[in-house]
Structure formats: C-alpha cells, structure tokens
Amino acid sequence: MNERVVLVPGLWMPAVAMAFLGAALSRGGFRPVLFSYDGRGRFDRNADRLATFARGEAFHFIGHSLGGVLILEALSRHGELPAASSVFIGSPVRGCEAGRRFGEWRLGRWMMGACAPLWAERTSLWPRPAPLGVIAGTFPLGLGRVVTRLAQANDGVVQVSETTVEGMRERVLVPLGHSRLIFSRRVAVLAARFLKQGTFEE
14 MNERVVLVPG LWMPAVAMAF LGAALSRGGF RPVLFSYDGR GRFDRNADRL
64 ATFARGEAFH FIGHSLGGVL ILEALSRHGE LPAASSVFIG SPVRGCEAGR
114 RFGEWRLGRW MMGACAPLWA ERTSLWPRPA PLGVIAGTFP LGLGRVVTRL
164 AQANDGVVQV SETTVEGMRE RVLVPLGHSR LIFSRRVAVL AARFLKQGTF
214 EE
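Residues are numbered in the working numbering as their position in the sequence shown, beginning at 1, plus a constant of 13.
Since the hints were derived computationally from the structure, they do not count as laboratory data. Quick caveat: nothing in here was measured; it's all calculated off a predicted structure. Yeah, the Cβ is synthetic: ideal placement off N, Cα and C, and Gly gets one too. Certain hints may be false.
Cross-link-like lysine to any residue pairs, in silico, SDA-like; alpha carbons within 20 Å at most [stated by the list, open to error]:
id : residue 1 : residue 2
1  : Lys209    : Gly180
2  : Lys209    : Arg55
3  : Lys209    : Glu183
4  : Lys209    : Arg40
5  : Lys209    : Phe33
6  : Lys209    : Arg182
7  : Lys209    : Glu70
8  : Lys209    : Asn15
Quick list of simulated restraints, FRET-style, between CB atoms [claimed, not checked]:
id : residue 1 : residue 2 : range
9  : Asp61     : Val29     : 18 to 28 Å
10 : Ala143    : Ser49     : 18 to 28 Å
11 : Arg55     : Thr136    : 16 to 26 Å
12 : Pro27     : Glu93     : 27 to 37 Å
13 : Arg17     : Phe196    : 34 to 44 Å
14 : Arg158    : Arg122    : 35 to 45 Å
15 : Gln165    : Thr212    : 17 to 27 Å
16 : Arg40     : Ala133    : 23 to 33 Å
Using the sequences and the hints given, assemble the complete structure.
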C-alpha cells in the first residue's frame with residue numbers, strides 16, 4: 014500500500030505524540046509523516062504551512078484535537094491541495110466550551126495564544142469528496158472537568174456534539190478520555206480501517 018498519512022497533533026502536543034498511532038499505521042501498510050506547528054501562533058499561518066508540507070500526491074490526514082481543526086482549515090483555504098480519506102480524533106471543529114472557559118483565565122489566554130478564537134461556537138463543513146471519519150471519546154477525564162461542567166457526552170475536554178462536521182461519512186464513539194485517544198490500539202485500528210475502506214465497520 015505505502016500510502017502517505019499526515020499526522021497532526023493537538024494543542025501543546027509535539028509531533029512525536031502521534032508516534033504510537035504512526036507506528037500502528039506503518040504496520041498496516043501506511044507511510045506516516047508527522048507535522049508539527051506552533052499551537053500559540055497564528056492559525057492561518059499554521060494552516061498554510063500544513064498545505065505547503067502536504068503538497069504533491071494526495072495524502073490521507075489524521076488530526077487529534079486541534080490538529081483536526083487545522084487540517085480542516087488547510088483544506089478549506091487551499092482548494093488545490095489533494096486529500097484522500099481522513100480521520101479526525103476528538104477534534105472540536107464546532108468550537109469548544111471547555112476551551113472558552115479556560116480562556117477566561119489569564120493562564121489560559123496565555124497558553125492558547127492566537128488560537129483562542131477557535132473555541133467559539135461555529136459550524137463546520139468537510140470540503141472534499143474523499144470520506145471523512147470522526148472518532149470521539151466518551152470517558153469524561155480531562156482539563157474540561159477542571160474549568161467547567163460539561164453537560165453533554167464528552168472526553169473530558171471535547172463534547173461529542175463539538176466533533177460534528179457537516180459532510181462527514183461516519184462517527185464512532187469510544188470510551189476513552191481526550192489524551193488517551195491517540196495512545197489506543199482500538200483507535201489506531203479504527204483509523205486505519207477507515208483510511209483503507211472508508212468506513213469504521215468491519
């Protein structure tokens with residue numbers, strides 16, 4: 014197979030945080046490449062850097078948390094960028110209540126930097142014909158529990174409803190917390206299956 018997959022980590026996470034997932038994808042016949050970015054930097058510039066990084070043959074994309082939002086922005090801004098089937102993992106593409114609450118703290122505003130406006134409520138549209146799959150966690154363990162009370166099903170940071178992308182093909186729920194999602198063998202299997210088959214179902 015040897016199809017390339019760009020792995021984009023979440024906010025405050027180094028690219029190497031995606032190494033477990035990357036190793037699992039390698040065993041499945043994919044060729045993962047890791048993309049890193051300045052999470053506190055300007056989001057549009059990060060999106061443009063990702064587009065430059067992924068130029069050429071059609072890549073698959075997998076993004077965790079803010080990484081999925083960044084992929085969506087890059088594909089929306091750069092219509093010429095080819096994309097194969099992709100997966101978002103715990104990505105708050107419709108905004109993030111926990112992020113908004115954290116942004117009310119001085120420390121939170123500093124830590125989020127220029128990405129703070131991304132947590133506002135919004136709609137989200139998948140801009141490609143290639144299929145998008147979404148994996149969302151339902152074990153409520155994470156920073157969101159510290160800064161606010163999340164009333165809906167959530168992974169401790171992102172609510173399931175906040176992962177909804179108009180035009181996504183499927184969404185699957187897993188009983189994991191936000192950070193644990195990218196270190197899960199089950200998530201790795203689901204992601205690889207979707208990239209290969211366009212579905213999470215066996």
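Checked hints:
1. Annotation: proposed proximity of Lys209 to Gly180 holds, straight-line Cα distance about 19 Å (limit 20 Å).
2. Among the hinted pairs, Lys209 with Arg55 is inconsistent with the structure: their alpha-carbon atoms are about 33 Å apart, more than 20 Å.
3. A threshold of 20 Å between alpha carbons decides the hint, and for Lys209 with Glu183 the separation of about 14 Å falls inside it, so the pair holds.
4. Pair hint Lys209 plus Arg40 holds up; C-alpha atoms about 13 Å apart against a cutoff of 20 Å.
5. Under the criterion of a C-alpha separation no larger than 20 Å, the hint pairing Lys209 with Phe33 is consistent with the structure, at around 19 Å.
6. Restraint check for Lys209 and Arg182: the C-alpha separation of about 14 Å stays at or below 20 Å, so the hint holds.
7. Proximity of Lys209 to Glu70 is assessed by CA-CA distance (about 17 Å); at most 20 Å being required, the pair is judged to hold.
8. Pair hint Lys209 plus Asn15 holds up; C-alpha atoms about 11 Å apart against a cutoff of 20 Å.
9. Evaluation of the 18 to 28 Å hint for Asp61 and Val29 yields a pass: the beta carbon distance comes to about 23 Å.
10. Remark: the range hint 18 to 28 Å for Ala143 to Ser49 is upheld by a beta-carbon distance near 24 Å.
11. Between Arg55 and Thr136 the beta carbons are some 22 Å apart, a value that agrees with the proposed interval 16 to 26 Å.
12. At roughly 29 Å, the beta carbons of Pro27 and Glu93 sit within the given window of 27 to 37 Å.
13. Between Arg17 and Phe196 the Cβ separation comes to about 22 Å, which falls outside the hinted range of 34 to 44 Å.
14. With their beta carbons about 20 Å apart, Arg158 and Arg122 fall outside the hinted range of 35 to 45 Å.
15. At roughly 25 Å, the beta-carbon separation of Gln165 and Thr212 lies within the given 17 to 27 Å, and the hint holds.
16. The hint said 23 to 33 Å for the Cβ distance between Arg40 and Ala133, and at roughly 39 Å that hint is violated.
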